[in-house]
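K.L.:
Residues per chain are reported as follows:
4 protein chains.
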Amino acid sequence: LRAILGSAQDGALKFLESDEDVHMAVERVLTERIGAAGAKLHTGRSRNDQVVTDVRLYVKKALSRVLDGVVGLQHSLIRRAEVDDRAIIMPGYTHLQQAQPVLLAHYWLSFFFALEREKDRLRHAIESADSMPLGAGALAGSGVAVDRKKLAETLGFAKAAENSIDAVASRDFVLDALSCCASAGILCSRYAEDLIIWSSKEFGFVELDDAWSTGSSMMPQKKNPDSLELIRGKAGRFIGNYTRFAATLKGVGLTYYKDLQEDKEPLMDSLAQLDCVLAVFAQVVKTLAVNSKKIASTLDSSLFATDLADYLVRKGLPFRKAHEVIGNIVKTCLQQKKQLSELSARDLGRFSTLFDESVKRVFDWGEALRHRGVSGGTSPASVGWQIAMAKKMVAKKR
Amino acid sequence: LRAILGSAQDGALKFLESDEDVHMAVERVLTERIGAAGAKLHTGRSRNDQVVTDVRLYVKKALSRVLDGVVGLQHSLIRRAEVDDRAIIMPGYTHLQQAQPVLLAHYWLSFFFALEREKDRLRHAIESADSMPLGAGALAGSGVAVDRKKLAETLGFAKAAENSIDAVASRDFVLDALSCCASAGILCSRYAEDLIIWSSKEFGFVELDDAWSTGSSMMPQKKNPDSLELIRGKAGRFIGNYTRFAATLKGVGLTYYKDLQEDKEPLMDSLAQLDCVLAVFAQVVKTLAVNSKKIASTLDSSLFATDLADYLVRKGLPFRKAHEVIGNIVKTCLQQKKQLSELSARDLGRFSTLFDESVKRVFDWGEALRHRGVSGGTSPASVGWQIAMAKKMVAKKR
Amino acid sequence: LRAILGSAQDGALKFLESDEDVHMAVERVLTERIGAAGAKLHTGRSRNDQVVTDVRLYVKKALSRVLDGVVGLQHSLIRRAEVDDRAIIMPGYTHLQQAQPVLLAHYWLSFFFALEREKDRLRHAIESADSMPLGAGALAGSGVAVDRKKLAETLGFAKAAENSIDAVASRDFVLDALSCCASAGILCSRYAEDLIIWSSKEFGFVELDDAWSTGSSMMPQKKNPDSLELIRGKAGRFIGNYTRFAATLKGVGLTYYKDLQEDKEPLMDSLAQLDCVLAVFAQVVKTLAVNSKKIASTLDSSLFATDLADYLVRKGLPFRKAHEVIGNIVKTCLQQKKQLSELSARDLGRFSTLFDESVKRVFDWGEALRHRGVSGGTSPASVGWQIAMAKKMVAKKR
Amino acid sequence: LRAILGSAQDGALKFLESDEDVHMAVERVLTERIGAAGAKLHTGRSRNDQVVTDVRLYVKKALSRVLDGVVGLQHSLIRRAEVDDRAIIMPGYTHLQQAQPVLLAHYWLSFFFALEREKDRLRHAIESADSMPLGAGALAGSGVAVDRKKLAETLGFAKAAENSIDAVASRDFVLDALSCCASAGILCSRYAEDLIIWSSKEFGFVELDDAWSTGSSMMPQKKNPDSLELIRGKAGRFIGNYTRFAATLKGVGLTYYKDLQEDKEPLMDSLAQLDCVLAVFAQVVKTLAVNSKKIASTLDSSLFATDLADYLVRKGLPFRKAHEVIGNIVKTCLQQKKQLSELSARDLGRFSTLFDESVKRVFDWGEALRHRGVSGGTSPASVGWQIAMAKKMVAKKR
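Chains as they are written, first to last, in my numbering: chain A, 1 to 398; chain B, 1 to 398; chain C, 1 to 398; chain D, 1 to 398.
Because the hints were derived from the structure by calculation, they are not lab data. Treat the hints with care, as some may be off.
Which copy is meant is left open, so a pair is good if it fits within one copy or across any two.
[Unchecked claim] Below, computed lysine-lysine pairings styled on DSS-like, alpha-carbon distance capped at 25 Å:
1) Lys331 with Lys223
2) Lys201 with Lys293
3) Lys149 with Lys119
4) Lys40 with Lys315
5) Lys14 with Lys321
6) Lys149 with Lys391
7) Lys159 with Lys119
8) Lys331 with Lys40
9) Lys223 with Lys201
10) Lys149 with Lys392
11) Lys396 with Lys61
12) Lys40 with Lys61
13) Lys223 with Lys264
14) Lys149 with Lys396
15) Lys40 with Lys150
Start from the sequences and build out the full structure, keeping to the hints where you can.
P.N.:
Quick look at the structure:
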């Protein structure tokens, strides 16, 4: 059999019209090479249990490879957070409006931890595929007394499927693989969206490396973030591949119907494309140029508003009251076209008697970050802790 | 706060136009009732982290309720397999063509074991939701030194989210819940499809209880399996709800955008509808009338073909050869309009000298079943073992 | 340029690493062959307008080919309705329960008329693609004074796109093509579902030709309707391809983004697969063997119930009352295990005095059909009229 | 019947448990009010044909209302293009990179013309729904000699359905309505995406009116474009509603199955939500504040690159050569940190002898626009012509 595999890999193995499928072709060649014993190859097997066994072996392997891809991207993110961008303060956005200052490292780590969940999903999908159908026969169980437990061990499956009808009919593990791919693809699309926006001249936060962007020979200053656009666009593909097979599977009764043959194309497509998305994203992140000056110049001093409110809360003002006071201050700034940080303690004192000279310390980006020292927050200490945790997670054997 | 909840449940709590959302309404009423301290309620919180905390609490509870629904359906299936239909032999189908005889109990168990995997999915989705965002603030972490670990314990979360940006931005747990619902819904659709076909006059294997079918006052003999048709139809809904939010989520950068508000309707719809699907299917299965005579009369003796081939294999003929011999026998039967089981050992002897009198034992449905004694097969022993395993699985605390 | 096309078709045209795309490759070769004038080829063009012009030309042609495929299937259906199966009476089903007798020809015509609507959709999608982007440049309009009206005429477009931004950004015509394919694919899936059920031994209404089914060498009596199962399964693919590109397009602002490159694979896949589905279905229908005896034997005399009610309505009984009377009659038949058609006028007289001897004419399948002589009904006259109309429709030039 | 409708609208009409559906309830009340003749109401009808007739009437009306919504949004766009923003020059983007200067009016018109195609789709979907099933009975045609042609005229249908089986079974018109909604929703999502980005502080091109954005009482400078985010998010909903019913319909054979009941919720949801999306978008566009100064300050002089190339082409240089020359010029500017527009004719002369003093006229935004005078281009003349055409289109009665 190994020799036949070799022939197949060399391209020496020729399929005949009369070979109904790959299994028959292998059996034919085997019989040609070793004689009558070859005709025993199919003993205790049926095409129904064999095909789905093959797909399960394939899925387990491919998902494991995808897991490696996720880890690769995570390494890129840790490096950016720990080394390249650790001290860069940037505006954090909600609704694409500046909301609060954050460390760029904190942003990269948000991607890291989200990917950690994708790994959980992938592991779950691998477990879901890890049950051996072989021995289920066409649907009723093989008439040959196969030791399915041993067979499962030999083939590296966690167990033999408990019921032969379920074994040949079920394809939920395919849906699991497809929904994993969709979930990871959607996550990548969301971060790609941000980076595409940050690559615009108007934001100017980042610039993709030439290897991962497309220029124009006529307008060399224009660098299109094509790699990220493709990553973003492919999320639709992952969703579509899921929907595609879900709609097909939904329409099929038991046990085996030829409709199920439609599982392979979306499955192989999603798995291969996700490999690609993850590998490219890892490179994009790794080679990204960050324009820290542009980022710093963009920070709006009104981002201190929350910190100012927290100042009052710490002085004992109920949150809702503090909220109101700050609202009035910011409104006045807007009317007077003043920056929040330009206000003196005395100016502020007109809005609340709780303000004293100590308030000036609020108007400092570093202070604003340190202030969010809660676990999971963006303070340098919290980010340091996150990096340590991330490194532990990524080092862990699956 | 408990008293306010009581007012809400009584309908006594009135929302005002000025209450931006439920959080603000509660804070307002609290302040009305207990004074200034009420205005402190929002301390260390932001709408962004609060909303997603609520959704996570909701999802965990709702998925747990769905799990109960799956178990309920599993109980119905075990009862049918063990008590009601244990000895009924029916044709097993591939391509809706009779392929091999199976026990109806074996069929019910195939559904049971498939549902066991849905439970794994649900548990995974619960874990996925089991991370507390609270304390993430708007996106950068709360400015108040909240003890998030303690808070998570109090609220029954397995942990506090590791990164505040990820905490407010991520909705992958919603996709997990939606894909769980789709997977379970598709499974139910497939079995519903079979039972709808079996309910036709032409098959006539089963008859739904009046409570779960719709009659016509004019044609009382016509019983429409409406319940199963709705179960089948709703699988499209689950797929659509998944696609719906997946497409929305894919289009959203970080951190929070209002687009994310579109998560709630599909989520609540899928969870509520799946409850319904599972509860109804459990009742349909429980109350189903099985027409064992009609089933028995449908069995085609050509289903012995595999057994006959296995007979030859046991006598030492290579599988492929045996396959050929049987093909010739069945073809001859078709030409002579004879049943396979009508052939004598001598008739068979014309096709292979390996046949002797012992072959007559092959033409017995009970024998054909016993013959598939491989683990997971349809033999009575294997089915008995499956029932025992199923009972253990269903009894296990989650 | 024709010579270059020839080289491409011969395989003689070699692409170089430095050719960014097919346009550049053609320009390079042209310049190599005719000198400097070749470098003028791209005048008044941009990759953005050129690519989408190509796709539109492709879609128009491919959809037109699909239209031919629909017409081919319609011809098969007309032939069955008019020639092969004109007089075959079969049970019409709702909920897969026998409901009323219909002509099999009437059933085939239902498919025909539904396909007529698919043709409307295809024509609409062709119109939707029939607008020329060329001259839109990168997005702002070409800087060369191209006569776009003339260009459109030359290329066979109905018009030049009205706005250059819209011209390069819009891909709604791709969605139109994809939703057309989904609609036609779903329709085919529904009819395939019926025919798969009818191919079961239990129904036994039809048998697929060997060329369009798969046998088993061991069980030659088993004919799997693989062709129809694939047709049914592929409908999921069409839905998925639509969803896939819809989700991608939804996430893309203006004008051109690389995400849009993801339009081609689902588009080409759906168009090619639908060609296949239509061609195969036409052959399946054409070569189908109908078992009229089995069909006739299946008709249940309770199908006369509606006719019996109509009898009473014609005698002046309000519909709701007639409905009640018949309900009682059928119920009594069920209890007494009698066929409805076995009842004499006197038996019936016990339920309503309106019955007289003329009622016996009701129990005749031919009469039951003639009775539904309303336009669009299943009476032979109506079916004849439908066939005539169908032949006119199918002959009409588009 | 009108009186009963009145009672229903008043809330006086009470449904009873025994009323199987709304049709039966109306018949019952009618009989209570006018006696035995009421029991004739259902004559010539069946629930199957009646339900789908109702849905078709509903769809026609609702789609027509959506058409009005599209026209409303088109009016807002024309107004912006013609009156508010006619002379504003802005960067046109590809890949969110500045590519060429365009008139903001030209951008608004791109949306207008795209919406014109949505109107074609809506009209097609209305035609698709415009066929009357009534008289098809349960599936075989009514046994009462209904004049279906007259009935169709009375109910305002273009025609009576040609085949009774098709009439009760088909729901492709529902898919048409759903795909229309998806197409229009996706279009709106794409423009919403642009406007959300333009609303960021970093772009600063536009500011939503307070009525259509959400502020924060504490950070009054922060205006979240919630309305646009919801519009963007809802496109996922439209795609999901399509997928949902497509997957359900795909799984249903002929004729009527209860699965089809699942058509109503997605249908009504998409139609109502699209009304909302269009009405809100019309208001958002109408009330938008455009910051023309910020826009003007953003234009990058490298956008003149294409114009400079066209200058050389007009002087006779083959396009590809011109392209190369300009590439070198822009590269040199980048190296020397010079603006393209700062180069003198002499500077340019170093790259090509074709440059003379006339080149200085190229560095003028107005000139750059006029230059794109091709039909559909962004020149003021072309935009004026587009506005005129748009006004004609929008005035046209459907």
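K.L.:
Decide, hint by hint, whether the structure agrees.
P.N.:
Hints, one by one, checked against the model:
| no. | hint | verdict |
| --- | --- | --- |
| 1 | Lys331 with Lys223 | between (39 Å within a copy, 13 Å between copies) |
| 2 | Lys201 with Lys293 | both (14 Å within a copy, 17 Å between copies) |
| 3 | Lys149 with Lys119 | between (28 Å within a copy, 23 Å between copies) |
| 4 | Lys40 with Lys315 | between (85 Å within a copy, 13 Å between copies) |
| 5 | Lys14 with Lys321 | between (81 Å within a copy, 23 Å between copies) |
| 6 | Lys149 with Lys391 | between (38 Å within a copy, 21 Å between copies) |
| 7 | Lys159 with Lys119 | both (22 Å within a copy, 18 Å between copies) |
| 8 | Lys331 with Lys40 | between (85 Å within a copy, 23 Å between copies) |
| 9 | Lys223 with Lys201 | both (10 Å within a copy, 22 Å between copies) |
| 10 | Lys149 with Lys392 | between (36 Å within a copy, 19 Å between copies) |
| 11 | Lys396 with Lys61 | within (19 Å within a copy, 31 Å between copies) |
| 12 | Lys40 with Lys61 | neither (28 Å within a copy, 51 Å between copies) |
| 13 | Lys223 with Lys264 | between (37 Å within a copy, 24 Å between copies) |
| 14 | Lys149 with Lys396 | between (30 Å within a copy, 23 Å between copies) |
| 15 | Lys40 with Lys150 | within (19 Å within a copy, 64 Å between copies) |
Checked against the numbered hints given earlier, the structure breaks only hint 12 and satisfies all the rest.
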